[in-house]
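Participant: Sequence:
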Amino acid sequence: MIGFLKIISFLIPFTLCTSLSFAKNTKKILMIIAHQNFRDEELLIPKKLFESEGYNVVIASTSLKPAKGMLGAVVTPQILIDQVKVEDYDAIVFVGGVGAQEYFNNSVAHKIAKEAVLKGKILAAICLAPRTLAEAGVLKGKKATVWVSEGKTLEAKGAYYTGKPVEVDGNIVTGSGPQAAEEFGKTILKLLKSQK
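Numbering follows the UniProt record's numbering, with no gaps: position 64 of the sequence shown is 64.
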């Protein structure tokens, strides 16, 4: 019996340490979507790419109720944006679509973007979502792209609008819209791999 207890007393801390170590090494990407009218391809295409490379994708929004995309996709967010801890993720991705406007002046979204930059995380946004980054002040002096209607807004906030499908400046990746979703996702993955 004493031998059994010694084994158990050894295994419990070992198991806890192993579990904590595994949890710490889990690769995670946060994708922030509008609760209504996110752009389906801008979520689903990069998400599939990320998962195929072993990343755990966590979806955040302003509600945990099922969220609906512009083309009808329905997904259930796992976390509220005000509960996000930036340090838990390898990359933070803001998804576009007309609903992305809800984050343009959202102080929580701005805080997440600023923290991602301060902590050296990859920060990405596509379609209308780069405007949220511009409003947060993190695109000042950076090359960026966005849905064409927002190019002048980015410039007014101090960004260098390039109009490219995908743009990279340091750890910031921006995409112009749904047609760039695959290139956007692949570019984020390439940047993540270069940091390993």
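Honestly, I wouldn't trust all of these hints.
Subject to a maximum C-alpha distance of 20 Å in a straight line, what follows is the list of computed EDC-like cross-link-like pairs (lysine to aspartate or glutamate) [what the hints assert, rightly or not]:
{"#": "1", "residue 1": "K48", "residue 2": "E183"}
{"#": "2", "residue 1": "K68", "residue 2": "E53"}
{"#": "3", "residue 1": "K114", "residue 2": "E51"}
{"#": "4", "residue 1": "K28", "residue 2": "E135"}
{"#": "5", "residue 1": "K164", "residue 2": "E183"}
{"#": "6", "residue 1": "K157", "residue 2": "E135"}
{"#": "7", "residue 1": "K152", "residue 2": "E135"}
{"#": "8", "residue 1": "K196", "residue 2": "E87"}
{"#": "9", "residue 1": "K142", "residue 2": "E155"}
{"#": "10", "residue 1": "K119", "residue 2": "D90"}
{"#": "11", "residue 1": "K28", "residue 2": "D90"}
If you're looking for bench data, these hints aren't it; they were derived computationally from the structure.
Participant: Does each hint hold? Answer for all of them.
Facilitator: Now for the hints, and whether the structure bears them out:
1. With a C-alpha separation of about 13 Å, the suggested pairing of K48 with E183 holds against the 20 Å cut-off.
2. Of the supplied pair hints, the one linking K68 and E53 is violated, its CA atoms being roughly 26 Å apart against a limit of 20 Å.
3. About 26 Å separates the Cα atoms of K114 and E51, which puts this hinted pair outside 20 Å; it is violated.
4. At roughly 25 Å between alpha-carbon atoms, K28 and E135 are farther apart than 20 Å, so this suggested pair is violated.
5. At most 20 Å may separate the alpha-carbon atoms for a hinted pair to count; K164 and E183 meet this at roughly 11 Å.
6. The suggested pairing of K157 with E135 holds, with an alpha-carbon distance near 7 Å, which does not exceed 20 Å.
7. The suggested pairing of K152 with E135 holds, with an alpha-carbon distance near 13 Å, which does not exceed 20 Å.
8. In summary, the hint linking K196 to E87 is supported, as the alpha carbons are separated by about 16 Å, within the 20 Å threshold.
9. At roughly 10 Å between alpha-carbon atoms, K142 and E155 fall within 20 Å of each other, so this suggested pair holds.
10. Distance hint between K119 and D90 is fulfilled; the C-alpha atoms sit about 10 Å from each other, no more than 20 Å.
11. Of the supplied pair hints, the one linking K28 and D90 holds, its CA atoms being roughly 6 Å apart against a limit of 20 Å.
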